Amino acid sequence: MSASEVQTFTPREFHRQAHDALGNPQIRANFRKAMDGLMAKRRDVFSDWDLETLRELGANIRLRALAKLPDLLERLEANCQANGIQVHWAENGDEACRIIRGICERHGAKAVIKGKSMVSEEMHLNAHLEAAGIEALESDLGEYLVQLNEQTPSHIIMPAIHLNTDEISDIMHTRTGTERTRDVDTMTAAARAQLRERFMAADVGVSGVNFAVAETGTLCLVENEGNGRMTTAVPPVHIAVTGIEKVVEHLSDVPPLYALLTRSATGQHVTTYLNMISSPRKPGEHDGPNEVHLVLVDSGRSSIYQDDELLDTLRCIRCGACMNHCPVYTRVGGHTYGTTYPGPIGSILMPHMMGLEATKDLPTASSLCGACGEVCPVKIPIPDLLVRLRRESVGEGRGNVPGAGVKRSKKEVAVWKGFQWLATHPRGWRSSTAIAGKLQALMPSKLGPWTEYRTAPKPAKVSLHALVKRHQAGKFDEDGEERS
Amino acid sequence: MSARDNILKRLRERTDGPLTAPPSNFAVVTGRGWSQQERLTRFERWITSVHGEVVHTPRDDWTIALAEVLEAKGIRRLALGREHPVAAEARAALAEGDIVLIDADRDIETWRHEQFHDTDAGLTSTRGAIAETGSLWLWPTSDEPRLLSLVPPIHIAVLDADTIEDTFFDVVESHGWANGMPTNALLISGPSKTADIEQTLAYGVHGPRELVVLLRHAEEYP
Numbered sequence: 001m002s003a004s005e006v007q008t009f010t011p012r013e014f015h016r017q018a019h020d021a022l023g024n025p026q027i028r029a030n031f032r033k034a035m036d037g038l039m040a041k042r043r044d045v046f047s048d049w050d051l052e053t054l055r056e057l058g059a060n061i062r063l064r065a066l067a068k069l070p071d072l073l074e075r076l077e078a079n080c081q082a083n084g085i086q087v088h089w090a091e092n093g094d095e096a097c098r099i100i101r102g103i104c105e106r107h108g109a110k111a112v113i114k115g116k117s118m119v120s121e122e123m124h125l126n127a128h129l130e131a132a133g134i135e136a137l138e139s140d141l142g143e144y145l146v147q148l149n150e151q152t153p154s155h156i157i158m159p160a161i162h163l164n165t166d167e168i169s170d171i172m173h174t175r176t177g178t179e180r181t182r183d184v185d186t187m188t189a190a191a192r193a194q195l196r197e198r199f200m201a202a203d204v205g206v207s208g209v210n211f212a213v214a215e216t217g218t219l220c221l222v223e224n225e226g227n228g229r230m231t232t233a234v235p236p237v238h239i240a241v242t243g244i245e246k247v248v249e250h251l252s253d254v255p256p257l258y259a260l261l262t263r264s265a266t267g268q269h270v271t272t273y274l275n276m277i278s279s280p281r282k283p284g285e286h287d288g289p290n291e292v293h294l295v296l297v298d299s300g301r302s303s304i305y306q307d308d309e310l311l312d313t314l315r316c317i318r319c320g321a322c323m324n325h326c327p328v329y330t331r332v333g334g335h336t337y338g339t340t341y342p343g344p345i346g347s348i349l350m351p352h353m354m355g356l357e358a359t360k361d362l363p364t365a366s367s368l369c370g371a372c373g374e375v376c377p378v379k380i381p382i383p384d385l386l387v388r389l390r391r392e393s394v395g396e397g398r399g400n401v402p403g404a405g406v407k408r409s410k411k412e413v414a415v416w417k418g419f420q421w422l423a424t425h426p427r428g429w430r431s432s433t434a435i436a437g438k439l440q441a442l443m444p445s446k447l448g449p450w451t452e453y454r455t456a457p458k459p460a461k462v463s464l465h466a467l468v469k470r471h472q473a474g475k476f477d478e479d480g481e482e483r484s
Numbered sequence: 001m002s003a004r005d006n007i008l009k010r011l012r013e014r015t016d017g018p019l020t021a022p023p024s025n026f027a028v029v030t031g032r033g034w035s036q037q038e039r040l041t042r043f044e045r046w047i048t049s050v051h052g053e054v055v056h057t058p059r060d061d062w063t064i065a066l067a068e069v070l071e072a073k074g075i076r077r078l079a080l081g082r083e084h085p086v087a088a089e090a091r092a093a094l095a096e097g098d099i100v101l102i103d104a105d106r107d108i109e110t111w112r113h114e115q116f117h118d119t120d121a122g123l124t125s126t127r128g129a130i131a132e133t134g135s136l137w138l139w140p141t142s143d144e145p146r147l148l149s150l151v152p153p154i155h156i157a158v159l160d161a162d163t164i165e166d167t168f169f170d171v172v173e174s175h176g177w178a179n180g181m182p183t184n185a186l187l188i189s190g191p192s193k194t195a196d197i198e199q200t201l202a203y204g205v206h207g208p209r210e211l212v213v214l215l216r217h218a219e220e221y222p
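So the protein sequences, as listed, match chains A and B.
Note that the first sequence covers residues 1 to 484 in UniProt numbering.
Note that the second sequence covers residues 1 to 222 in UniProt numbering.
Simulated from the structure, these hints should not be mistaken for laboratory data.
In this text, all values refer to a predicted model and were calculated from it rather than measured experimentally.
Honestly, I wouldn't trust all of these hints.
Incomplete in silico selection of chain B near chain A, CB under 10 Å [stated by the list, open to error]: (1) R14; (2) P23; (3) T141; (4) T163.
Heads up, the beta-carbon is just placed ideally off N, CA and C, and yes, glycines get one too.
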C-alpha cells in the first residue's frame, strides 16, 4: 500500500482483509521483522529473572484490584479529589467524548495535544473533537505518523509498525514538507521541531493512564519519548482518560507491574520515563497544568466483569506481547482485525465492545497454539477465552456476550445432533456407514471451504468395522485379499 | 442515576457473586542484597546502555566536573534552580564564568519561549536512583520544576552514589512514597528515545537528546 492510499478496515471483513494482507509482501516483511525482533528482545530481558514468580505476582495484583474494583474506584476518586484532580465517569465512549469536549469548550480550547491513549482510540475521540471544531493532534511519534497518513494504529504499543522507513519518509514529505530522507535521526528531529511548536500552543493535553493508584490518587504514565510528560505538563489543562479496570490498590503494586510491562512490551528493562501525577499545579509551583481531570470509562467493561471466566480479560496491562508472539497477527498485521485492539487481546476484548455480530471472525483468528497465554505478563488464559467466545458465538456459552449465538446454524446443530446419535447407537452407526459405502458415488466433490484446499472425503466401500468382521469370519486371506 | 452510580452498582451486583483477592508475594521484586559496588556497577551499566552518560566526581569537586561537561558540550545557557544545594553550589561556582544562568524558579508562562528555544541545558538534583534499572528518582519542586528535566536539549542530573538503592520497590517502600506523593514523581532512565520508525532507535524525540549524570562520590572513586 502506498503512503497516500487510505484504506478503512472493519472486523466484518476480516477474511477479505486477511487475504489482502497475506498477499502484500511489504506488510508481511514489516511485521515479520518487527515481531521477530520483539520476541528476541523480550526473551533476553527476562533471562535473569524468575519470570514465572513475577508473572504470578502480576496476575495476583491485577486479580486483587479486580476483586475490590468498586471500592478501589471510589477510593481512587476520593483521593484524586482530595489532591485536586476532578473525576468524571462515563458509561460509554460517546459519553466520555462529550465530557472531554465539554472541558475543552469551557476553556475555549481550539487545539488539543494528545499523548498515546488506546482508550481515546476506542472512543474515536479525535473525530469527535474535530467535528466540534477542536483540533486533536497526536504527539507520540508513531501515532503522529499514523495520523498524518489518515490511518489507525496497527499495534497498541508501536502504532506505525506497519510502515517502513521509506513509507514514513514519503508521509512526512507529503504531509509536512519534510525533505525526503532515509535517516531516522533526521526524520525524528523534524518531527520534534514540528511537535514542540504544537505543545507550546496547545490549550489542553489529553493522555491515557497505565496504572491509576487508589491508595494515593496517582496517575502513572509509562513512556520513552517524553511526549507524555509534555502533554501532561505543558498545556494549562490535562485530561487523563482511562478504562475503569486500570486501577491498582497500592503504590507498591506499581513496581512489579512496571517491571512486567516494559519487558513484555518492547523487551526494555525499563522505559525512559515513569511519570506519576498526583495533583494539578499547587500554589507556589511554577509549571504543570492548573487543572487535571480524570475520565473513567466503562464501555462494556462492567459487563465483562459479571462473568468469572470473562473477568480475566480485564487483567490486561496492554503490553502487546500477545500480538508480538501471535503467528496470525504476525502474518496478517494489525489493521486486518479492523478493531482498536488487534491480535489476541483484541479478539477477546472487542466482541464485548462491538458485539459478536461484528466481530464473530475474531475468536477464530487463532490457531490456539497457546503462545499468547504463555507470554502474557498477568497470565490471562487467552486461548481458553478464545474458545469460550467461539462457544458463545454459536450459542453454546452462557449468553453473557452481546450477539451471542450469531453464528448458530440450524443445519450445523442438526448435523452434530445426528452424528451424536449415530456415534452412540452402534446399530445405527453400522447400517449408516454401510449405506454411505454403497452410495459413495453420490458423495459431493465440493464441500464449502473444506474442499478449497482439500479433496472431498470418500466413504470406503466397506467400513473398517465390516472388514475386521469379515476377516475374523475367515473371508480374507493373510494379505487381506478376499478368498475366492 | 448517574453514570458513576450505574457503573458502581453493576460492579457491586456482580452476576457471579463477590470475588476473593489472592495474596501477593513481593519477594521477587526486593531483597537483592547487592553491595554498594554492585549497585554502582549495575546503575552505570544500565543507564549507559540507553545512552545515558555517567561522569564520576569526588563530591567536593563536583562543580569542576560540571564546568568540564558544560565546556565539552558547548553549553552556554544553563537553566537551574536556586535553593537546592546543587543549584546553589553550581551558581556559586559558575558565577564568574561566561555561562548564562537562567532562573528555573519562575512561572513557566513568563519564560516558555526562552525555555523551549534558548536554553542549552537544564541542571537538576535527584533524590536517589535504582541500580536494577539504571533509573534516576526525581521529585520536581518549585525550585526545580518538572519541565527543567524535560524541555532543554541536555539534562544534567546530579546524583550521590550513596543514594542508589537496589530496586524500584525498595525505593517506594523504604521512603514511604505512599504516605505523601508530590505533584509529580519521576523515574528517568536515559535521554528521550523512540523506535517508532521501523524499530530504529533514535534519541531526543521530544525530551532531552542527552542525559549526563554527575555521580558524586564521598570517597575517591576507584
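Hint check:
Restraint check, R14/B versus chain A: the minimum CB separation of about 6 Å is within 10 Å; hint holds. Annotation: P23/B was flagged as interfacial toward chain A, and the flag holds, the nearest CB pair being 7 Å apart, inside 10 Å. Evaluation of the T141/B hint against chain A yields a held restraint, the C-beta minimum of about 8 Å falling below 10 Å. The criterion of a C-beta within 10 Å of any C-beta in chain A is not met by T163/B, whose closest approach is roughly 18 Å, and the hint is violated.
Violated hints amount to a single one, hint 4; each of the other numbered hints is respected by the structure.
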